[in-house]
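Could you build all of it, start to finish, from the sequences and the hints given here?
The listed protein sequences derive, respectively, from chains A and B.
Going by UniProt numbering, the final residue of the first sequence carries number 360, and the count climbs one at a time with no gaps.
Going by UniProt numbering, the final residue of the second sequence carries number 360, and the count climbs one at a time with no gaps.
One should not assume that every hint holds.
You can't tell identical chains apart in this list, so a pair holds if it fits in one copy or across any two.
[What the hints assert, rightly or not] Below, computed lysine-lysine pairings styled on DSSO-like, alpha-carbon distance capped at 27 Å: (1) K211 x K297; (2) K36 x K91; (3) K300 x K211; (4) K328 x K82; (5) K328 x K91; (6) K36 x K328; (7) K211 x K2; (8) K36 x K82.
Because the hints were derived from the structure by calculation, they are not lab data.
Protein chains: 2
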Amino acid sequence: MKALQVELDNGRGYPIYIGSGLLAQTELLTRHIRSKQVAIVTNETIAPLYLAPLRAALSAYQLEAVILPDGEQYKTLGYLEKIFDQLLAAKFSRNATLIALGGGVIGDMGGFAAACYQRGIAFIQIPTTLLAQVDSSVGGKTGVNHALGKNMIGAFYQPQCVIADADVLDTLDDRQLSAGLAEVIKYGLIRDPEFLAWLEASMPLLLARDKTALAHAIERSCANKAEVVGEDEFESGARATLNLGHTFGHAIETGSGYGHYLHGEAVAIGTCFAADLSRRLGWLNDADVERIVALFKAAKLPVTPPASMTAAQYVDLMAVDKKNVDGKIRVILLEAVGRASLPVNVELTHLQETLNTYVG
Amino acid sequence: MKALQVELDNGRGYPIYIGSGLLAQTELLTRHIRSKQVAIVTNETIAPLYLAPLRAALSAYQLEAVILPDGEQYKTLGYLEKIFDQLLAAKFSRNATLIALGGGVIGDMGGFAAACYQRGIAFIQIPTTLLAQVDSSVGGKTGVNHALGKNMIGAFYQPQCVIADADVLDTLDDRQLSAGLAEVIKYGLIRDPEFLAWLEASMPLLLARDKTALAHAIERSCANKAEVVGEDEFESGARATLNLGHTFGHAIETGSGYGHYLHGEAVAIGTCFAADLSRRLGWLNDADVERIVALFKAAKLPVTPPASMTAAQYVDLMAVDKKNVDGKIRVILLEAVGRASLPVNVELTHLQETLNTYVG
Numbered sequence: 001m002k003a004l005q006v007e008l009d010n011g012r013g014y015p016i017y018i019g020s021g022l023l024a025q026t027e028l029l030t031r032h033i034r035s036k037q038v039a040i041v042t043n044e045t046i047a048p049l050y051l052a053p054l055r056a057a058l059s060a061y062q063l064e065a066v067i068l069p070d071g072e073q074y075k076t077l078g079y080l081e082k083i084f085d086q087l088l089a090a091k092f093s094r095n096a097t098l099i100a101l102g103g104g105v106i107g108d109m110g111g112f113a114a115a116c117y118q119r120g121i122a123f124i125q126i127p128t129t130l131l132a133q134v135d136s137s138v139g140g141k142t143g144v145n146h147a148l149g150k151n152m153i154g155a156f157y158q159p160q161c162v163i164a165d166a167d168v169l170d171t172l173d174d175r176q177l178s179a180g181l182a183e184v185i186k187y188g189l190i191r192d193p194e195f196l197a198w199l200e201a202s203m204p205l206l207l208a209r210d211k212t213a214l215a216h217a218i219e220r221s222c223a224n225k226a227e228v229v230g231e232d233e234f235e236s237g238a239r240a241t242l243n244l245g246h247t248f249g250h251a252i253e254t255g256s257g258y259g260h261y262l263h264g265e266a267v268a269i270g271t272c273f274a275a276d277l278s279r280r281l282g283w284l285n286d287a288d289v290e291r292i293v294a295l296f297k298a299a300k301l302p303v304t305p306p307a308s309m310t311a312a313q314y315v316d317l318m319a320v321d322k323k324n325v326d327g328k329i330r331v332i333l334l335e336a337v338g339r340a341s342l343p344v345n346v347e348l349t350h351l352q353e354t355l356n357t358y359v360g
Numbered sequence: 001m002k003a004l005q006v007e008l009d010n011g012r013g014y015p016i017y018i019g020s021g022l023l024a025q026t027e028l029l030t031r032h033i034r035s036k037q038v039a040i041v042t043n044e045t046i047a048p049l050y051l052a053p054l055r056a057a058l059s060a061y062q063l064e065a066v067i068l069p070d071g072e073q074y075k076t077l078g079y080l081e082k083i084f085d086q087l088l089a090a091k092f093s094r095n096a097t098l099i100a101l102g103g104g105v106i107g108d109m110g111g112f113a114a115a116c117y118q119r120g121i122a123f124i125q126i127p128t129t130l131l132a133q134v135d136s137s138v139g140g141k142t143g144v145n146h147a148l149g150k151n152m153i154g155a156f157y158q159p160q161c162v163i164a165d166a167d168v169l170d171t172l173d174d175r176q177l178s179a180g181l182a183e184v185i186k187y188g189l190i191r192d193p194e195f196l197a198w199l200e201a202s203m204p205l206l207l208a209r210d211k212t213a214l215a216h217a218i219e220r221s222c223a224n225k226a227e228v229v230g231e232d233e234f235e236s237g238a239r240a241t242l243n244l245g246h247t248f249g250h251a252i253e254t255g256s257g258y259g260h261y262l263h264g265e266a267v268a269i270g271t272c273f274a275a276d277l278s279r280r281l282g283w284l285n286d287a288d289v290e291r292i293v294a295l296f297k298a299a300k301l302p303v304t305p306p307a308s309m310t311a312a313q314y315v316d317l318m319a320v321d322k323k324n325v326d327g328k329i330r331v332i333l334l335e336a337v338g339r340a341s342l343p344v345n346v347e348l349t350h351l352q353e354t355l356n357t358y359v360g
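See below:
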């Protein structure tokens, strides 16, 4: 097992445990639990796989399992309220602990529920998808979607720890594995060219679920994320670079209906958009863009947007992105392969040209 | 005008401006606004009184007024979502500023909306009731109610400033004025015996809305609140003493249906409960309890609970209070007139005796 540390002020730093067989190491979990009351928030897909062993490991506690339906379309205030309903019915107090057991949706919702329940209770992330292990479980971004925009309602709220057990990836389907690789590739593109080269060489091993390769990808991704979050917890600067491809990606997720694309799939398409825009600014050349597109394709990810969406729809959906200032559209681009830009105002003509390339 | 400062770490301290005619001093407001986008959250009672002048003062901004129905029964996640709907429809970004213009309900909901919208935007409190000016607008407690408990969903989220204009109390009805006095009396009871004696002497002046007396009551209350919050922002210690009477009060508000009692009325009744329990522990004598009850009566506040509620209902409702640990009921009591206790576990027999006195 490896333990990386996310460094934050006021004693709020926390460990990310990475390794195999971690879910069976109950002590990793119990050292971060504050009282007898423990809620496990999970979904209908994950519960049959991992809830029973977790329940058994925590049999000394007053356990409450909240089982939500599986999918991005349920990441709403309405389903968040179901978590509150159950915790209040069980009379859970402010020193209870909430464990989010699942992928990015469950981690975001469980974390936001923990942030708001009685103005904040302890929570622990047990991510069960590659995407959640390498990205969403680390850094304290929590929230739910709104019909008008993804992750528009939420909080910065840090967990007590993150437990990333590579063994749970055995039950992940291929599509979910690829979606996670989109965020892994992102770290290489924005700040770690050496890792990017390793990913290009190792993609066949990763898709074949080689344990050593996967563990290395998780570690390197979490190390990059922890560094960025430690520098800029509330996204006033460098943290925004983690959003490479996300402004376009969120527009695709919202515009095509939550649940149609996996988040990582939309990010892959969005990053290809961002690479194209970077070329129009003269920051990348044709070969750079082709290299990026090729890596996403090698990871079995989509690289072109849904035919159903119009350019006007993208502009409209991107206008509510959290990085915008006074109504201007701002995105993260690439100054080079391996180096992200800070948020830049997008020229509407460039945006239109890029969108025309794809959405005709 | 006086400006008190709430001292918090990480540069999050903020001023409370107290005086007459402050709403006309636009610069007080604009120095805390971050961008062109300004949302005003208010309700149907306050909007006709104060929205037009505020709009006029802020005519240089992109203004969005969110007008909610008036009453504690609308302090729900459902109505909170209406705020998000409107801000997203207007494409408000993360550097927008939200102004809460209203009483405690509007301040709590506006603050919670600001805490969650795009994971946090700037907000300003303009409290329009005495209760909000002396208590709820200061200290960063925000949130909404749940059918199973008051303020159960929320966040600690501090404003940029609080503007307490004593002139707005001219439009407050007598019942609301008295409700505010319940929280004013609380400061005297928990930590300021000199202020308590002044309140006993000045109650007729306060009820007659003498401006000098009211301004003194607001200042002294805010100074007490700012000190307590500065010492213990997240209620791990001394801040809990501000909840004197609130555990019982919340049970009354929830049990009798939100909107039936004003918050201050329920707190007055709850504080009389707490005084009675303190006597049973030998901390207060009969004369102390009579003195406390007499002051609430002088402020035209109720001191006996609704006949409709049973002792079992109180115990059940108090079991979800935020101060509880592992299911034990904990309340703030008085060690003396002018000195609060820290949270104490309540003996069920004592609680039953106190409840029997009132609810038969």
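Hints the structure fails to honour: Every hint satisfied by this model.
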